[in-house]
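Chemist: Could you put together the complete structure from these sequences and hints?
In order, the protein sequences belong to chains A and B.
My numbering applies: residue 1 is where the first sequence begins, and numbers increase by one.
My numbering applies: residue 741 is where the second sequence begins, and numbers increase by one.
Calculated from the structure, these hints are not laboratory results.
Do not take every clue at face value.
[To be verified] With beta-carbon atoms standing in for the labels, derived distance ranges:
#, chain 1, residue 1, chain 2, residue 2, range
1, A, D92, B, G1088, 44 to 52 Å
2, B, G1178, A, D92, 36 to 44 Å
3, B, R1362, A, R382, 17 to 25 Å
4, A, I637, B, V1107, 22 to 30 Å
5, A, R382, B, A1350, 31 to 39 Å
6, B, N1056, A, R622, 40 to 48 Å
7, B, E1420, A, M597, 37 to 45 Å
8, A, I637, B, A957, 53 to 61 Å
9, A, R382, B, G1178, 52 to 60 Å
10, A, E542, B, D1086, 19 to 27 Å
11, B, L1366, A, Y23, 52 to 60 Å
Cβ coordinates follow ideal geometry from the N, Cα and C atoms, glycine included.
Number of protein chains: 2
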Amino acid sequence: MELQPILWVIPIAGLAAIAFAIYLAWDVLRADTGTVAMQDIAGTIYEGAVAFIRRQYQTIGILAIGGTVVIGLVITLVEGREVADTQYFGLDLGWRTGLAFLVGAACSMASGIIGMLISVKANLRTAAAAQHSLVRAVQVAMRGGAVSGFLVVALSLLGVFGIFAAFGGFTNPEEAPFLIVGFGFGASFVALFAQLGGGIYTKAADVGADLVGKVEAGIPEDDPRNAAVVADLVGDNVGDCAGRGADLFESTAAENIGAMILGVAVWRIAVELGWPNPEAWIFFPLVVRGFGLLATIVAMFFVRGREDENPMNMLNRGYWVTTLLSVAGLALTTYVMMGTGTDLPDNGIPAWVWFFGAGIVGLTTSVAFVYITQYYTAGSFRPVREIAEASKTGPATNIISGTAVGFETTAVTAITIGIALFASFTLGSQAGLINEAGDNVGGIFGTAVATMGMLMTTAFILAMDTFGPITDNAGGIAEFSKAEAKAREITDRLDAVGNTTKALTKGYAIASASLAAFLLFSAYIDKVNLILERQIDAGIREAGTLLESVDLANVNVFIAALLGAMLVYFFSSLAIRAVGTAAQAIIVEVRRQFREMPGIMDYTQRPDYARVVDITTRAALRQMILPGTVAVATPIIVGLLLGHEAVAGMLMVGTIAGVLLATVLNNGGGAWDNAKKYIESGQLKDENGIVLGKGSDAHAAAVVGDTVGDPFKDTAGPSLHVLVKLLATITLVLAPLFIR
Amino acid sequence: MELQPILWVIPIAGLAAIAFAIYLAWDVLRADTGTVAMQDIAGTIYEGAVAFIRRQYQTIGILAIGGTVVIGLVITLVEGREVADTQYFGLDLGWRTGLAFLVGAACSMASGIIGMLISVKANLRTAAAAQHSLVRAVQVAMRGGAVSGFLVVALSLLGVFGIFAAFGGFTNPEEAPFLIVGFGFGASFVALFAQLGGGIYTKAADVGADLVGKVEAGIPEDDPRNAAVVADLVGDNVGDCAGRGADLFESTAAENIGAMILGVAVWRIAVELGWPNPEAWIFFPLVVRGFGLLATIVAMFFVRGREDENPMNMLNRGYWVTTLLSVAGLALTTYVMMGTGTDLPDNGIPAWVWFFGAGIVGLTTSVAFVYITQYYTAGSFRPVREIAEASKTGPATNIISGTAVGFETTAVTAITIGIALFASFTLGSQAGLINEAGDNVGGIFGTAVATMGMLMTTAFILAMDTFGPITDNAGGIAEFSKAEAKAREITDRLDAVGNTTKALTKGYAIASASLAAFLLFSAYIDKVNLILERQIDAGIREAGTLLESVDLANVNVFIAALLGAMLVYFFSSLAIRAVGTAAQAIIVEVRRQFREMPGIMDYTQRPDYARVVDITTRAALRQMILPGTVAVATPIIVGLLLGHEAVAGMLMVGTIAGVLLATVLNNGGGAWDNAKKYIESGQLKDENGIVLGKGSDAHAAAVVGDTVGDPFKDTAGPSLHVLVKLLATITLVLAPLFIR
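Modeler: Below, the structure is given as C-alpha cells:
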C-alpha cells in the first residue's frame, strides 16, 4: 500500500506539540517565583495536589490494571463466538483489547499528571508576574495551561496512531479501527474516576470551607485561619484541571476511533469503485487533528496584548487564530485526502467540498456554543440578571429562577445540536458515497467529519480551561501572601476571565459529546454487525439477522432506554451526595481545629492544612467508587439482560438524557455563580435605585444559589460528560458480550 | 353480530357511578354548614373558585372550539391522502375527529367543573363536621372527593363508549377505535390548560402569600390580614382538584382508546382463527373499567372507622377493598371475554389466565408506587430525614440534598416500570395470539391489559386525591373562622393525611403514564400503518413501505428524540417561570393593600380578597398560554419537518424524559415539604439532643426548600404528566399530517 505523504502530519504534529509543551513548561518554570510568602503557600498547595494525585492515580491505576485483566479474560472467553482472523503480537483479540485499554489509560494518566504538575507550578509564577505585568501574567497562566492542552491532545493523537499502527493499521486499515476501541475505553475509564474524584474533592473542599468558615466562624472567604482553604485551592487543580483534561482526552480519543470505524464503511466503497488511497478515509481523523495541533501552536504566539487591555481579548485573539488556521487545515486535508480520483456525485460537486462543509459545521458549532454559554452564564445578559432580580425576594426565588434558567438552556442547546447534525448529515449524504447495496454512508461520515472539525481546536480550548484554575490559584496565593494591591487587582481580573473560560469549556465539551453521540452510536452498530457477519460466515448464526435498526418499539429497547435516562439522574444523585458527605468530613475536622487549637483565631497558631487535605483526599477517593461502579456496571447488566439491540437504545437515550442534564447542571450552576458576582459588582438596585451589594439580603440569597450550583456545575455536570462517553466506549468494547 | 351480555356492564356501571355521584353530592350538600364565620370565609373561597373556573373554562372552551375547527379542516384537507371508506353522521373523517375532540373536551370540562363545585361546598361541611366527629369529617371530605372521582371516570367511560358506538363500534368494531382518537386529544387538550392554569394559580398564590405575608410583613401563615391567603385557598381547589381530575380524565380516556386500538390486532387474529366474539378484545378495556367503577362504589361504604383511629387507615381500608374487588372483576372479565373458544397456546394454559396475570401486574404496580412514593416523601424514612439533617447547615445544603433525593427517586421508578412492562409483555406473549404472518401480538396487548388493570382503581385514587384540597381548605376555614380547638385539631389531622394522599396520586399518575406510554406508542404505529396500508391499496404509495420499526439510528429520529427530551425541560422551565411572574403580580397588589389600607394590620379594615383573586386569575390564565402553545406546537412542527417515524421517536423519548423529570420534581418537592413538617413536628435534634423546631435556623432552611419544591411538585410536575399524554394523543390524531 502506497501511503499519501500527508500522513506524515500525524507524527510530526504530535511530536511537535510535545516538544512545544516541553518548551512552554521550561518557559513557565524559569519565570520569577515571587516572594517567600507566595512560595510558602504555593508549596503547600503543591504538596496537597501531589498527595492527592499520587493517591488518586494509584487507586485508578489499580482499577485500570484490574480492568485490563477483566477485559482481556472476558473478551477472550466470548471470542469463541467471534472469529478472529488476524493476530498481532501473538495475542488474541481479548488481550489486544486489554492492551489497548491499558495504553489508553496510561496515556490519559500521564497527560493528566504532567499537566497538573505544571499547573500547580504556574499558579505561583502567575501570581509573581502579576506583581509587575498583566500581559506577562496572562502569558504565564496561558502557557501553563497550554502544557496540559498540548499534552492531552498530542498523547491522544500519538496514542491512537501508535496502537493503530501496532495493530496493523498500515496493512489492514479496515480491521484495525475495531481492534483499538479498548484505547477509548481505557481513556474513558480513567476520565470517569479522575473527574469524579477531582470533582468531589474540589467541591467538598469549597462547600466545606465556606460552611465552616464563612457561615459558622464568620471569617472571610480564603482566610488563612480556615484550614480548609488550602484544600479548596488544591481542589481547583485536581478538579477543574486534571478532571477536564481527562475528559477531553477521552473525547478526542473515543471520537477519533469512532470516526475511523465509520471511515471503514467509506473505505469499502473506495475499494469497490477503485478510488486511489482508500485508506485515506480511515486516516482522515488523525490527519485533521494533526493540523488542529499545528494551528494551535501558531496561535499561542498571538496570545499577547497591551497592559490596559481586557485579558479575555488576548485569549479570544488566540482562539480565532486557531479557528481560522483550522479552517485552512481542514480545506487542505479534505482536498488532499478526499479530492483525488473519487467519482463526481450526481450534483457535480466533488466529495471533498461537501465534507469540507461538514467540517465547517463542526467548527461553527463550537463557536456557537461559546457564545450560547456566554449568553446564559455571563452577567450582562437576561438570564443572570433575572436570577439576581429574583434574589431580592430571598433564596427560594433565587433557586426557582436559577432552575428555570438551567432548564431553559436545553432548548437552544438541543436545537443547535439538531441543526448541526442535520446539516452535517445532509452535506455528507450529497458526497456520492453510495455502496453496491445502494446505502448512502456519506451522511453518517459527514457527522464524523463535523466532530473532527470541532475537535481541531481542543488543545486551545483546554489551555483556556486550565487558565481558569491557574488564575484562581494565583488569586488565592496573592490573597494568602498579602501581596501588594496591584498584584491582587491583576489576579482578580484574570480570575474573572478564568471563570468565563471554564464555563466555555464545559459548553464545548457538551457540544462535542452530543455531536459525537450519533457517530459513536453508528460505530457501535458497525461493530456489532462486523461480529454478526463473522458469525454468519462461520455458520454459527442465521443469515439475515444483522442489526438493521435500533427499534424503540421493541419492548427491550424501550426498557433499556428508560434505564439509560434513569442512569444519568441516579449517577448525578450519587455524585452530588458524595460532595455533601465528603464536605461533612472536612467540616468536622476544621471545627476540631478551631476548638483544640485556640491560637488559630488570633493568628498565633498555624492551622493543620495538611490534615484537611489528607482527609479530603481520602473522603473524595472513597466517595468516587460508588458512582463510578454504577456507571460501569449498569450498561453491562442491561446488555447482559436485554441484549445488543437494547443496549444500543440505552446508549442513545442515555446520551440524550445525559447531555441535557449536564447542560442544565452546568449552565444553571454557572448562572447562579455569576448572579452572585453580578450583585457583588454592585449592578443590582432596589426600586429606589439603591445598590444591593455585598452584605445585602439579596447577596445572601445569591450565595445560597452559588453554593447549590457548585456541585452541579463542577461535580455532577462534568462527570456526566464522561459518563456519556463511557457508555459509548464500554458498549463498543463489550459488544461481543451482549450479542444474542 | 351477537354481543356478549357482559358488555352491559359498561353503561350500567357508568350510569350507576353517575347516580352514586349525585347521591354523594346530595349527601354532602345536606350536611351541617357550621358557624356564620365559617360560612363567610367559605363563601369567599367559593366565589373566588367560581370566578376562576368561569374565566378559565371560557378561555379553554374558546381554545377547544378553535381546536375543533382546525382539526376538522386539517384532517379533511390531508384526507385525500387517506382513503376513508366509512361515513357516520354524513361526516368525513376530519369532522368526525373534530366532533370526537369536542365531545372529549366537553366531557373533561363538565367533570372538572361539577367535581370542583362540589369540592368547594364539601370543604365548609368538612370543617363543620370536624366540630363534632372525626369519622363524619372524613366521610364528608371523602364523599365530596368521590363526586369528582366518579364523575371523571364515568364520563370518560361513557364518553368513549358513546362516541365509539356512534361511530359504528357495534357494526365495525375494528374501524371505530381509530375514529375516536380525537376524544383522547380533546381530553388532553383541556387537561393541559386546566392543569397549567390551575397549577400556576395555586402556586403563585401560595408563593406570593408566603413571601409578602410571612417574609415581608412578618405575619403568620393563613393570617386573614393577608389578602393573598384566600387566593391560596382557592388555589388548592383549582390546582389540585380540577387539575388532577382533568389529568386522570385524559389518562383513562387516552389509555382506553389506545388499548382498543391494540385490541384490533387481536380481533384480526380472532377473526382469522374463527374464535367466537372477536369484538370482545376491543370492548375489553371498557368492560374492565366498568367493573373497576362498581368495585369503587362498594368500597366507598368501607370508608369508616373509630373516632380515635388514624384517618389514613379508613382510606386505606377503602383502597384495599377497591383493589381486591378489582381483582375479582378482572378475573371475571378476562375469563368471560378471553376464555371462550380461543385456541390453547402451546404451553397448555388458556389465554385468559395469562392476561389475568398481566392485569394483576398493573394492579400490583399501582400498589408498589403507593409505597414507593410514601418511602420517598414521608417523614419517617431515610430520604426526608436526610434532607432535614442537611437543613442544619443552611438552605444551600437543604437544596442540594433535596435535589439528590429527587434525582435518586428515578432509579426505583424506572426499575419498577421496567419490570412491570417486561412482566406484562412476557405474560401476554405466552397467550398464543399469533397472526398468520407469525407475529405475536399478545405481548403488547399484555401491556395494555396491565394498564387497564391499573386504571380500575382510578375513581378511588382520585377521590383520595380530592380529599387533599378539601381537608386543606377545611383547615384554612377552621383557622380563618377561629373555630374551637377540637375542630382545628381534627382538621390538622385530616390535612396531614391529605398531604400523603396528594403525593400518592402523583405517583399513581406517573406510573399509569409510563405504563401507558408503550401502549400509546404502539397504537400510534398501528394507526400510521393503517393509513399507509390504505395508501398502498389505493396505489398512491409503494408497497413495502410500512412503519416496521422506529429506528434510533436514523438521524431524523435521533434529532426528534433529542428535541422530545428537550421539550420536557423547556416546558417545565416555562411553567416554573410562570409561577414566579404571577406571584410577582400578587405581591405587588398585597403590598399596595398594606400601604393604602392601614386598617388591615389592626383588623379594623377588611382586605380586598376579591381583587387579589381576580389578579391571580388573570395572571395565571395569561401565563398558561405560552407553555400550552409550546406543548401543542412542538410535536406538530417536528412531525411536519421530520416525518412520521421521527415523531414516533420524539413521542417515545419525550415520554421517558417527561416521566423521569416529573418523578424528580414531584418527589423532590414532596420530600422538601415533609422535611419541613418533620422539623416542625420536633423530630430533628442537634448534636446535644436539643430539638431544632419551628423558628430554628434549620427550620428556616427547610422553609426555603419547601418553597422551591412548591412549583416543582404542584405546577411543573403534574403538567408534565399531561404533556406526556398530550404528545401521545396529538400524534395519534395528527398522524395523517406527518406521513411522508
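Chemist: Has the hinted range 44 to 52 Å been met by the Cβ atoms of A/D92 and B/G1088?
Modeler: 47 Å, holds
Chemist: May I ask you to test the hint 22 to 30 Å on the CB atoms belonging to A/I637 and B/V1107?
Modeler: 26 Å, holds
Chemist: Note whether the CB distance of B/L1366 and A/Y23 lies within 52 to 60 Å or breaks it.
Modeler: 56 Å, holds
Chemist: Taking 17 to 25 Å as the stated bounds, is the beta-carbon spacing between B/R1362 and A/R382 within them?
Modeler: Given a distance of about 20 Å, which is inside 17 to 25 Å, the answer is holds.
Chemist: Should the hint that A/E542 and B/D1086 are 19 to 27 Å apart at their CB atoms be regarded as holding?
Modeler: For A/E542 and B/D1086 the Cβ distance comes to about 22 Å; the hint holds.
Chemist: May I ask you to test the hint 36 to 44 Å on the CB atoms belonging to B/G1178 and A/D92?
Modeler: Given about 40 Å between the Cβ atoms, the range holds.
Chemist: Honestly, do B/E1420 and A/M597 meet the 37 to 45 Å range at C-beta?
Modeler: Holds: the Cβ-Cβ distance is about 38 Å, inside 37 to 45 Å.
Chemist: Tell me if the beta carbons of B/N1056 and A/R622 are separated by a distance inside 40 to 48 Å.
Modeler: 42 Å, holds
Chemist: Do A/I637 and B/A957 keep their Cβ atoms within the hinted range of 53 to 61 Å?
Modeler: Since the Cβ atoms of A/I637 and B/A957 sit about 55 Å apart, the hinted range of 53 to 61 Å holds.
Chemist: When you take the CB atoms of A/R382 and B/G1178, is the distance between them in 52 to 60 Å?
Modeler: 58 Å, holds
Chemist: Do the Cβ positions of A/R382 and B/A1350 conform to the proposed distance bound of 31 to 39 Å?
Modeler: 35 Å, holds
Comparing the model with each earlier hint shows no violations; every hint is respected.
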